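*Asks:* Residue numbers (my numbering), protein chains in the order written: chain A, 1 to 206; chain Y, 1 to 206; chain V, 1 to 335; chain R, 1 to 335.
These are computed hints drawn from the structure, not numbers from a lab. Nothing here was measured: the structure is a model prediction, and the numbers come from that model. Idealized CB from N, CA, C, for every residue including glycine. Each hint should be verified, as a subset may be incorrect.
Said to hold, decoys possible - A few chain Y residues facing chain V, derived, Cβ under 10 Å: (1) A73; (2) P75; (3) L81; (4) A83; (5) G119.
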Amino acid sequence: MDYNSLIGFLFELKEIMQVNRDYLIDLDSVVGDGDLGLTMSDGFLAAYNAVKDSNETDCGKLLYFAGKAMGTAVPSTMGTLMASGLMRAGRELKGKTNLLPQDFVTLFQAYMDGVSDRGKAKVGEKTFLDGLDPAVSTLQNNISSGIDIKDAASNAAEAARKGFENTVGMLAVHGRAATRGEASRSLLDPGAAVAMLIMEAFAKSI
Amino acid sequence: MDYNSLIGFLFELKEIMQVNRDYLIDLDSVVGDGDLGLTMSDGFLAAYNAVKDSNETDCGKLLYFAGKAMGTAVPSTMGTLMASGLMRAGRELKGKTNLLPQDFVTLFQAYMDGVSDRGKAKVGEKTFLDGLDPAVSTLQNNISSGIDIKDAASNAAEAARKGFENTVGMLAVHGRAATRGEASRSLLDPGAAVAMLIMEAFAKSI
Amino acid sequence: MKKIINKPENYVKEMLEGIYIAHPDQLTYVADDVHCLVTANKIPGKVGIMTGGGSGHLPLFLGYVGTGMLDGCAVGDVFQSPSPEQILAITKEIDSGAGVLYIYGNYNGDIFNFDMAAEMADFEEGIRTETVIAGDDVASAAPSKPDEKNKRRGVAGIFFVYKCAGAAAEAMMNLDEVKRIAEKTCANVRTMGVALTPCTVPRVGKPSFQIQEDEMEIGMGIHGETGIRRGKLEPADNIVDEMLEKIVSDIPYVAGDEVAVLVNGLGATTLDEQYIMTRRINSYLADKGIKVYRYYVGEYVTSLDMAGASISLLKLDEELKELLDKPAKTPFFRQ
Amino acid sequence: MKKIINKPENYVKEMLEGIYIAHPDQLTYVADDVHCLVTANKIPGKVGIMTGGGSGHLPLFLGYVGTGMLDGCAVGDVFQSPSPEQILAITKEIDSGAGVLYIYGNYNGDIFNFDMAAEMADFEEGIRTETVIAGDDVASAAPSKPDEKNKRRGVAGIFFVYKCAGAAAEAMMNLDEVKRIAEKTCANVRTMGVALTPCTVPRVGKPSFQIQEDEMEIGMGIHGETGIRRGKLEPADNIVDEMLEKIVSDIPYVAGDEVAVLVNGLGATTLDEQYIMTRRINSYLADKGIKVYRYYVGEYVTSLDMAGASISLLKLDEELKELLDKPAKTPFFRQ
Ligand SMILES: Nc1ncnc2c1ncn2[C@@H]1O[C@H](COP(=O)(O)OP(=O)(O)O)[C@@H](O)[C@H]1O
Ligand SMILES: Nc1ncnc2c1ncn2[C@@H]1O[C@H](COP(=O)(O)OP(=O)(O)O)[C@@H](O)[C@H]1O
Ligand SMILES: [Mg+2]
Ligand SMILES: [Mg+2]
Ligand SMILES: [Mg+2]
Ligand SMILES: [Mg+2]
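Can you make the complete structure from the sequences, with help from the hints?
*Replies:* Right, dumping it as structure tokens:
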């Protein structure tokens, strides 16, 4: 799988955020300030645009530049976290022009690390991480067990969806949602929905 | 007629303004900012209070001090004009401890001069002057013709009432009413109503 | 009415008490009356300058009392003139033999009370006073013909009159000279306002007029006096253009003329909006070949909590430029 | 939404263009980006101080760039953080070898972007940066325990941090010293707000929340974040007492302690009301034996067109008093 498939993944990312723009706005309007649909569709579009016509073949660099473009375009909470994830993934994959299944595990693990280092949140604190973490574990386990990347990606997307759904019941301790205290438990976390969409886009692109 | 009757006149003035407080507010609410009832009742009360317990027997000084108190209490347009009228009347009558009928003509003529020097309005411009002017003329004519002061005062009050009513049709060129331009013609002038009340109080007190 | 106040009848008194607490080194009062505000730093021999008028316009009027501007201010109730006795008390305090100049806005109540005070100052105290009345609102009346009384309301442009006359007095010019400067500034300043919402006088407790959610009123006065056009709220650039056209055509301008510009917020309108207006003013004047010597942007003359703004242009010559540039230090204005 | 604006999406850009037009001798920008605002009067060898954050709070943040305060400000969209690249561009410009201190409010978006910029400044440019995050709003969270991260929102009290740290940098202290001053100021400042109306973000076009005509919300944040109590609008004196009780009990005070007080209007609340609050603050603190060294009253940190106000207390020692007293000259603040 070469850099072209990576650009294909970034294409699907911007598509899925575009399609789910209003869905994210609605989720964030209940919990936060309602801008998540705008920032995610604008941000992933900027990320894709930054690399779509690039001659760069280094997958790491492509991800890094995509992340940087996203950070510049949408410096909101999730915008910067997604930029941090993409940039960290880029650094980890630097030098690779071809990605093997294990590299995608590395990619998402690095994405996760980039987000958690920046945001200092832990799994279980009702954030984006609660969507991505189960997906990364699933992907890792599936690939280790020799499951086909396509199936592994679908399984990971399914795990992300469950992770997103499981944010109901969690107490928010970060961002605007945290100001609601105990009342936050009854709500779905919009950032975790973004993790679910990322994994869906990945499954589709692979 | 001594200074005591003058204090009696000032008593009737504050009484009539008190009684007609809401009436003046209503008139001024249509044309201006609606404060006329407040300023006239507060102002003539201050004027009366300033002299009611005075040992002063000089009618001129009594009027002057009453006017000054009014100016301090209610520095609105009409407040200051009424203060100017009282103070001018005071200056004209200075030294008199007894007032003859002719002195009342002098009093109201001076009141009129004080107001018109301060306000620079002319008769016919839809102001207080249009209420007072016909009253002063009537009083002057009646006294010259030897008519009893009591009857002359009633006639003057009646003339003031007509003057007030005649402000309908006039174009306002002073104060807030002037901002309405031609539309001001259909309205009664609140300041002229005050002139009418002053003459009524005079007729009652004499 | 949503205001952080106590009893409405104590509104002005309590505000003034707060002012003296916050600015003890700059402001004080005389005659045992908080409404009789004077500078704490009187300069012997200088022409005294005072102003006065109704409350509800902070920083106008009292906010301009201080070094390089005014020496005193008689503070009335909200939108009401102060009394002759209050004006007189301040006149006596700020006169140090060189006489006192009264500068205030063109409203009957104020004129009557200042005139009465001037007579009292003359008769009772032998103090010479002169009077300059600012009437800069082009929306309020046609320009006055020669020898005709100016019928225009005094609005935000009076800030420039304070600034230039204040600098002249600080330079120890005599009363006639300071008056000449004040008159020249008045003759050269033009203002126009726009209102988006009414304001609420605390003692009245309800909005001063009604206006639709999508409407504005061009030319409204700072007490809510009727303007020249009510219409749909337009983009900032259109509003600015309409206001400036009226201002610039009121006195002759030729390419190369220089002006000072005051963009003034009426209360609820944000600084952001005032700067958006500034941007358009700059390009409008550039197109006309008029050079901006200096901008002032902010709340200089408010109307309680009204939303809206005004634009003032002061046409400059070398003398006014020099006076405008002089330092000033008051609780609300520093340069 | 009643605002004098053009297209909402150009709101911030046009506002900034107006700023540069009005203050050409004080402010400029780098990286060809109006959002990257820097002082026009850089001092060689001085520690650079920058801030940043969302628009909608003028004069915060950019209004405090100037002599004796800040050197740069990254300006975000309304209530949105600026980007790491913008922060980095300013960092590069204002560093003159002595390093750069970031001072900003405690909001995740800003933290993430400043942290990213700090990494980039270190990795890409070898510039040393330090960070001090202001979190002064006592209404937003319980005081943090030792070693716990401060969870409180940064609000108007940051003005004092700019002022003291800015004076320290101007005195040519080194980065560690300036940072120590900023941290000390943060540790000593407490703020609490009250909101009477919502504000309207231009691009959103409708009020940020609903509140009844007779209600207020004590402790609301400057973006409309939920406060600690919503209730009937009370007299000014009661509101002040409730706010001060929470502020004064948050750090230990003993009789004789000195404070600086900032009374801040949120946008639509008049200066009159702020002075009415000042009056009560003064008597409340006098009763507690707390001495007010200095008052600041006015709009220092706004929330667009929100009606409301905040009170900040900075507990002083001799070092902070001296720094607070130093002159400063920015487009929005002069002392
Ligand atoms: N520290 C954090 N780490 C990871 N995710 C976070 C963190 N804080 C907030 N989030 C995520 O960000 C989402 C909100 O993003 P966004 O709408 O951009 O925030 P805001 O509008 O407050 O800037 C939340 O739903 C949550 O999933
Ligand atoms: N120049 C003037 N001379 C005489 N009367 C005047 C003049 N200007 C206004 N008035 C009178 O004042 C009245 C309004 O008084 P008042 O309510 O005190 O005014 P405001 O509320 O505008 O201060 C008008 O009805 C008019 O009769
Ligand atoms: Mg959001
Ligand atoms: Mg947001
Ligand atoms: Mg009236
Ligand atoms: Mg009135």
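*Asks:* Now look at each hint and say whether the structure bears it out.
*Replies:* Hint by hint, here is what the structure shows:
no. : hint : verdict
1   : A73  : holds (8 Å)
2   : P75  : holds (4 Å)
3   : L81  : holds (7 Å)
4   : A83  : holds (7 Å)
5   : G119 : holds (7 Å)
In this structure, none of the earlier numbered hints is contradicted; all agree with it.
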